[in-house]
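Asker: Listed below, chain by chain, are the residues.
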Amino acid sequence: MTDARTPLSRELTRRRFLQGSALTGTAAFLAACGTPPQSAGASASPGSAAPPSASASGSAGATPASSGTLRFANWIGYIDVTEDGSSFPTIEKFQTETGITVQYEDGAVDDNETFFTSDLQAPLEAGLATEWDIVVVTDWMVARLARLGWLETIDTSLTPNFVANLADNYKGRSFDPDTNLAAPWQSGMTGLGFDKNKTGALDSLEVLFSEQFKGQLTYLSEMRDTIGLSAIRLGSKPEELTQEQFDAALAEVDTAVKGGIVRQVTGNSYVEDMAGGGVILAMAWSGDVLTLLVPDQKPDQDFQWVLPKEGGMLWTDNMVIPKGSPNKAQAERWIDFYYEPQNAATIEAYVNYVCPVKGAKEVMLESDPDLAQNPLIFPPDDWVTRLHQFRATTADEEAAWSEAFTKAMGL
Amino acid sequence: MRRALHLRAIAPYLLLFPGLLWLVLFYVYPAVQMFLTSLWTGSIDAGYVQTWNWGIYPEAVAEYWPWLGRSIVYGGLATILAFALGFPLAYAIAFRGGAYKNILLFLVIAPFFTSFLLRTISWKIILADSGLFLGPLKDIGLLPDQFRLLATPAAVVAGITYNFLPFMTLPLYVALERIDKRLIEAAEDLYAGPWRPQGTIVGVVIGGALGVVVGSVMDYGPLTVSVPFAVIGGLVGTFLISQAFIRVTLPLALPGIFAGSLLTFIPAVGDFVNAELLGNPQSLMIGNVIQARYLQVTDYPTASALSFVLMLAILVGLFIYARLLGTEELTGAAVR
Amino acid sequence: MTPTSSPAATVTARRAPAARLGRIVDRWLLPIYVVGVTAYLILPVAVMILFSFNDPTGRSNLTWREFSIAAWLNPLGRPGLGDAVRNSLFVALLATLVATALGTMIGLALSRYAFRGRAATNVLIFLPMSTPEIVLGASLLTMFVASVQLPLPEGFLFPLSIRTILIAHIMFNISYVVVTVKARLANFPRHLEEAAMDLGANEWTTFWKVTFPLILPGVIAAALLAFSLSIDDYVITAFTSGQTETFPLYIYGSQLRGIPVQVNVIGTMIFVSAVALVVLTTVWQRRVAARDYGAGV
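In order, the protein sequences belong to chains A, B and C. So the first sequence is numbered by the numbering used here: it starts at 1 and just counts up by one. So the second sequence is numbered by the numbering used here: it starts at 1 and just counts up by one. So the third sequence is numbered by the numbering used here: it starts at 1 and just counts up by one.
Simulated from the structure, these hints should not be mistaken for lab results. Just so it is clear, the structure is predicted and the values come from calculations on it, not from any experiment. Hints are not guaranteed to be accurate.
[Said to hold, decoys possible] Straight line, CA to CA, 35 Å or less: simulated DSBU-like cross-link-like pairs of lysine-lysine:
{"id": "1", "chain 1": "B", "residue 1": "K138", "chain 2": "A", "residue 2": "K196"}
{"id": "2", "chain 1": "A", "residue 1": "K298", "chain 2": "B", "residue 2": "K138"}
{"id": "3", "chain 1": "A", "residue 1": "K323", "chain 2": "A", "residue 2": "K214"}
{"id": "4", "chain 1": "B", "residue 1": "K181", "chain 2": "C", "residue 2": "K209"}
{"id": "5", "chain 1": "A", "residue 1": "K258", "chain 2": "A", "residue 2": "K237"}
{"id": "6", "chain 1": "B", "residue 1": "K138", "chain 2": "A", "residue 2": "K258"}
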């Protein structure tokens, strides 16, 4: 039973979080009251145990669900897991706190398009409920679902933590003007991933379009990432991309692909090719380079991720409630629970993406200062100004643009 | 036979009923729906309407024939390569396997009980640009630094060949194993000797022709590959092929060759994962187009129409192939 | 119509060189070739097995770090992995069983009887193999969803479940079984069956005592193909699974955040136990054979 392996320290960290989460319960309350985050963290001194904040922050009218089930479809590895892999601590905590049984499916969502077609589209089009109460999908898919009227609105009177602790840059997004359709789960950044030993230091998007690393670089098959970066390089803003700007960005991409500069257009499989050494430069997601490539790099490899000086893309995976969900109240209770900073911080410490919950950084400063200073989890202000979100597209644009993009990708 | 006469009339239908019922319920019915889908107009936002838009078929073919053609070439090439690799293997297991027959046969298929993705990632580790295999060759200067196997058409064809090799080998084995060895012995007595000079000529011609196709598809130039291929073909034809083999073994193995090439070619043409993971933007296949049309563009009519075009192309190919091989697989005309 | 009836005029008396050639091929070339191709087939599996003993520091398992049996001590140490593997094995075994039975029956009917609709049946067998997976999956899904309007028991086809996965897997496996079994049945020695019946055996006995043992290698090969298709199917399963997770779905999903070492361990276990099963069966069969017929063979 003696397990002398390294993750022991990580386990301790996580355990400390679990204890911490009960102790720092006031943080959410204080954050919800608009107290500056700094003091919120400070006031959460050990020993000052507070009741769960959902009840503490109180809400008039509707009562939160306290029984029933919640069917939750998420991407894999997107929530904290115990070291032996037997359970999800945060889910356990939610179940004990609320009496709601959670059917959490780790990896039910593999990719937005497949999940939409295989789990959402057919039943929703037929006016039936899907098999899920909460699904986690990316911005543009939220936009599509919202456009189609396939989402339940979140009753914000039942989710005071969500109202209070959602970071400001997520409020009133173009596809969710009233901030009541989608609750951000995690964000990530798209920038440059490279092996510094082979490429030297890089900081500009130019290298993705030049002959310098011909045949050794990859693009992403997500249209909004690849076109977004191309548009940023041309000086356009993905937030307000016009048709002309889209065409210009696409033309650059098309030339690079046709000219053989681009070796492959991939989903996440560029990680394998970078580890193997064939690909030395990629449009890359921040989390991948840090958690998948750097820890196991060979002596002659030096993997880096940078936010290009011209800027990079910010995308967000959101919790949404599909139309007709019979357990909407339970879903809302979960959303509220997630927006308690200590819960978000516990999950963040495991998944290492950008956290959309105010106050989580302060909780983390207390428990794991190193992680809290990580710009990939809490981007500093000068990064935030360089990060762009792709704007919501109309139905016609979505059809035309994805068609044009797949053509450029060789299809 | 005599006492079974009354049964013979209905026996085939009894045998067919459960399996065909399954296919009718869970294949034909959805396929008909899919066919109707191909004649829709609209989008997921505006909704789809049945407009009997037959024009979509010529449009889809006109737009996507390069991908269709590429898929048929890749699929065909993979089938031929799988045959070249699988036939000697099946032959050895069937005739010389002895006590190890079952174990050997099983080793051919067991790798495919594990995940496709794990196998492909393993290949990527093995064939990486500076990996186990290419790294040393580049270090001693046998290959240029920029040379790569991954993300090339060659990798796509090799990936398909690898993944469908058991689908070729098993039916070949099944057919070969049944051959009465005494027939071959008798034939050796009768015809004796190697198949010369025809073997040499046939070997060189087949090897060379295959080399030209492989070379042009893989961008290595037609001649670089065809010369070694022709030499190998010539050697095999001269030294390894006997008259007895050509006159007895090969004809008796025909049902296995037919079955094996179908089981390889049909899914290979529609394959998309190998092209996605091992190819580059210039080597994508019709399966990738259908996948992208369906999932990314949500253009269900075109995706469905292309599927039917693909199925039709495969069926036409099968008829021609069946005619060439002289089987009545598809025509079903005669029964022994 | 067999080529053995070719004119015997081409007889030449060059048996000796042929025999020598045959011996060289037999003794050296074929065994080396078999070992080579088998190694080629197993190479990626060997890498997979090797990496099941890896101890990566990060979340991916792509670069060799150091030897460790940690993952082997806790092979299901990922939430949901155990269920996924169980579901996959259940579906693969049952789908193989049913599809092999149904497909063998169709194969028998097609090879041995003349009946109306034979050509159409042949075409129908090829169609599922030539339909792209995504279209098969999507059209099945549409049908399952539409089935709520049918007078079926509640939840029979929709919501999706392991039942719908099974239905789909049996469907796409049938064709592969039919084609493989037919390769065995072509030119089947009918005289053996006729002899058995002349000797008084009924249809049933004749089938199990004569026909079945003769086609058994074909049936086994077909079952192996069906199993390998089913245990590794991703696309069609993704569309017909609903909340049910299978091993391939788990692996595709986990590629996003790094495939855990446990996946290699499970993959190794499936491979090794399958091989062990066959080796044991072979040994057992030889024992039985030795006991029944005496040691001298």
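Asker: For each hint, tell me whether it holds in the structure or not.
Answerer: Here is how each hint holds up against the structure:
Simply put, B:K138 and A:K196 have alpha-carbon atoms about 21 Å apart, close enough for the 35 Å limit, and the pair holds. Proposed proximity of A:K298 and B:K138 is supported: the alpha carbons are some 19 Å apart, at most 35 Å. For the given pair, A:K323 sits about 47 Å from A:K214 by alpha-carbon distance, which is inconsistent with the 35 Å threshold. Between B:K181 and C:K209, the direct Cα distance comes to roughly 23 Å. Compliance with the 35 Å bound is thereby established for this hinted pair.
Between A:K258 and A:K237 the alpha-carbon distance is near 25 Å, which keeps this suggested pair within the 35 Å criterion. Proximity of B:K138 to A:K258 is assessed by CA-CA distance (about 27 Å); at most 35 Å being required, the pair is judged to hold.
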